[in-house]
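**Q** Given next are the chains, with one letter for each unit.
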Amino acid sequence: MTATLTPTKERPPGLAPQPGRKPAVRRRLRPKEFRATDVGLLAATGVSAFSVVWIVFDQLTLLSGTVGFVICWIVAFLALYWAVNLQVYGRQMAADRFVGALVAIGALCMFTPLALITGFVLVKGIGLISWHLLTATQKGVPQIPTPGAPTPGVGHAIVGTVEIVALAAAMGIPAALLTAIFLNEVGGRFTKSVRVVVTAMSGVPAIVAGIFIYSLWIVQLGQGFSGFAGALALTVILLPTITRGSEEVLRVVPNDLREASAALGAPEWRTTSSVVLPTARSGIITAILLGIAVAVGETAPLLVTIFGNTLMNANPFHGPQEALSLLAYQEIRLPQQAAINLAYAASLVLFMLVFILFVIGRILGSDWAGRALRRGRGSKKKGGDEDFTPAQTRELSNAAALGLMLPPER
Amino acid sequence: MPGSSPLGLDPGGFRRAHYGVPYIGLIGLGIPLGEAIPIGEGVSVSTPTEMANPPGGTGGSRVHTPIKLQPRRSRPDRVYRFVTTATGLTTFVILGLIGLFLFIQAWPAFRAMGLRFFTTSAFQTQGKHPNFGVEAALVGSITIALIAIVVALPVSLASALFINEYAPRKLLGFFPLKGFLTSLVDLMAAVPSIIYGLWGFFVLQSHMKGVAKWLSDHLGFIPLFHTTTPIFTSSAFIAGVLVALMIMPIVTSLSREVFSLTPIGEREGAMALGASRARVIRDVVLPFGKGGIIGAVMLGLGRALGEAIAVSIIISIVFQINFHILQAGSNSIAALIAARFGAGGKLGLAALLAAGLVLFAFTLVINMVASRIVSRTRTS
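If you're matching them up, the sequences are chains A and B in order. Its first residue numbered 517, the first sequence is counted upward by one per residue in the numbering used here. Its first residue numbered 5, the second sequence is counted upward by one per residue in the numbering used here.
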C-alpha cells in the first residue's frame, strides 16, 4: 500500500534517464513523506497564524476568552497551511496535507480535554492526600470547619467502594462469562435474541439500573438502603459490558483449537475450560478489568441504592454505605470550600483507582503479557495431557484437519 | 500427502500403523477411515478402541471399523449446556424485570395523570392537585443529547480518521502512536462521570460562558442562539458540550473499527489510481463506513440521553421547555431523577420512576436500532 505512493529512491535500471533525452519533468508527489522542510513549513504556518490571529483578535475582540482565540487560530492555521502547500506542492498535495492537519486537530481536540481533566484532578487533589484523609471518616465533622473539630477523610467511602464493587464483580463476572460462553461456544435457539438483549442491556442508563434496583429491592422487597443494593445495581451495569468484551475475545480464538479438541474426543465443557478459556485468558482479564474500572466510577446507580453515610459502615448488607463517587457528588453541591476540597480528594482517589485498574487491564491484555503468560504456563507444565499449550493445540489441529485421531503417544 | 506413502498405501492406513493395527485388509476395503470422523462442535466421539473382524477378512487380519458416533451428549456436557444457556437467558429476565418493576412502581403516577403525563411540563407532585409530566424533561434530554452529538461527531470522526489513516504506527521509529491513542480513547471512556462533572463545573463552564455569549451576541438572529436573559451558565449548551466529551470515546472507537474494515482492495485500488490519502478517505473510507457512523451516532445518542450525574451538576432544572439553549435552565430525565430523588413524597417517587421508565424505553429503542445498524455494517 505504501509502496504505491512512496517508491524506493533508486530507479529501476530501465527507467534511468537516457543521456540524450530530457529527464521527466513531472515531480513525484509523496504526501506520506514528511521531511524536515515539511516540519518547518508546519511550524512556520502555525506561528504566523498565531501572530495574525493575535493582532486581529486584539484589534477586533470578536470573541472573548481562550476558547475563541484557539478556534480562530485553528481556522487561520488551516487556511494558511492549505495555501502554503498549494504554493509549494500543488493542489493534490495541499488537499492531502489539509485533511491531515484537520484530522490531527480533531484528535487534539479529543485528547486535550482528557489531559486537562487528568491535570485538574491531580493538581486539585494531590495536596490534600494524606494518611489521615485516606483513613478518617466524616464522623463529627461540622458543616463549617471550626478550629478543634476533626478534619474529614474518605476512608469510609474507600471501604464502601471496594466492598460494593467486589460484591458486584463476584455476582457479575461469573454470569457474564457464562453468558459469553453461551453466546459463542454453546449457542442454540436463543443465541440471537440473547445477543440482542445483552446489547439492549448495555444501553440501559446507569440511573435506570439504579432506580430498578431501588423499586425491586428496596421498595418491593422491603429491604433498606445497603451496599448490597448498590452492588446489585452495579451488576446490572457490569454484566453486559463484560459479556460483550469477553464475547469479542472468544470470537478471536481460532476454531482450529476447538476442532482439535473435539477431534481428540474431549467433551464440550472440557474444550471450553481447557482450550478456549486458557487461550483467551489475557483478553478476558482485560475485559473484566475494564468493566470493573467503569463500574468503580459509577455514581448515579449508587445515589439511589446506598444512600450515603458519613460514618464508617463496613457491613455491605446492612445500613447505608458511602462510596467515593457518591461522596464527591454530595460534597460538590455544598458551598463550603472544605466540602469541595473533600470532593477533589475523593475524585483523585477514584481516578487513581480507575487508572490503576485500566493500566493493569491494558498490560495484561497486551501481546507481550499474553506471550509471557503462555511461556510461564509452558514451563510450569507437568506433562498432563489435558492441559496443552496453544502451540500443541495447533499441532493437534493439523491432525484434526487430516481427519485423524491420534491418541497421545505412550 | 504425496511422498508419505512409499508403499503405495493410502495415507489414512499409513497413519494407523502408528498404533500397530494391521492395515492390509483395509486397503482392500478401501474405506476412507478419516472421513468418518466429523470435525466440529456438538458431536462427541468414542475413542478408537473397537476393533472387529471384517466380514470377509482373510487369515485373521483385523480391520479398524469406523468410529462409533454418539449422537447423545454425555451428562457433564448436558449440565454445561444447561447452565450456560440458563445464565444467558437470565439476561432476558433482568431486562424484563427492569421494565416490569419500573412500571409497577410508576403506576400511581400514570394513574394520576393518564396520558397527560407526556404532555405536561410542570412537576408538581405534592398538594391536593398534583400536576406533573415528563414533557420538559424529555425535550431537555433530547436537546442536550443532540447538542452533544453535533459537537462530538466531527471531533470523533476526525480522531478516528487520524488514528486509522494518518497516525504513524511508530512515531520517530519507536513510539507506538497508534496503539497509544487507541488506549487513550478507552481510558477516556473509563473516566468516571463525576470527574467529568467536577471539571465541567469548575473549568469548562467558565470558558464556555464566553463562547455562549459570543454566539448569542453575533448569531442571536438564529432562533436557537437567541437568549432572553444574560445568564450563560448552567445551560443546555454547556451540559451538551460536557456530555459530548463523554460520548466521544464511544463514537470514536466504533467508527474507527468500522473504518478499519474498509476492504483493502478498494483502498489499494484508489491509491494505484493516484489518489492521495485525503481522496481515499473521501471516496473509499467514508462511503464504506457510512452505516457504521450512523450506528455509532445513535449509540452515542443513547449514552448521552442517559447521562445523569454530569448533567445534573451543570444544569439548573426548570420545568418548562427551553429552546434557548445558550441561557441558564434546562431539564433532563436522568438529571431530574438524580436531583429530585428522595424528595416529593410517594407520588413524587412514582413520577420519577415513570420518567425513568420513559427514558428506559427511549434508550432501548435507540440502542436496538443502533446495534442492528452496526452489526449489519460489521458483517457485510
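Check each hint, because a few of them may be wrong.
Stated by the list, open to error - Distance condition first, Cα-Cα at most 27 Å in a straight line; then the derived DSS-like pairs of lysine-lysine:
| # | chain 1 | residue 1 | chain 2 | residue 2 |
| --- | --- | --- | --- | --- |
| 1 | B | 213 | A | 640 |
| 2 | B | 213 | A | 548 |
| 3 | B | 350 | B | 132 |
Derived from the structure by calculation, the hints contain no laboratory data.
**Q** The structure should be examined with respect to each hint, and the outcome stated for every one.
**A** Consistency of the hints with the structure:
1. 213(B) to 640(A): The hint holds at about 22 Å.
2. 213(B) to 548(A): Since the Cα atoms of residue 213(B) and residue 548(A) sit roughly 40 Å apart, the hinted pair is violated (cutoff 27 Å).
3. 350(B) to 132(B): Given pair residue 350(B), residue 132(B) holds - Cα atoms ~13 Å apart, limit 27 Å.
The structure fails hint 2 only (numbered hints given earlier).
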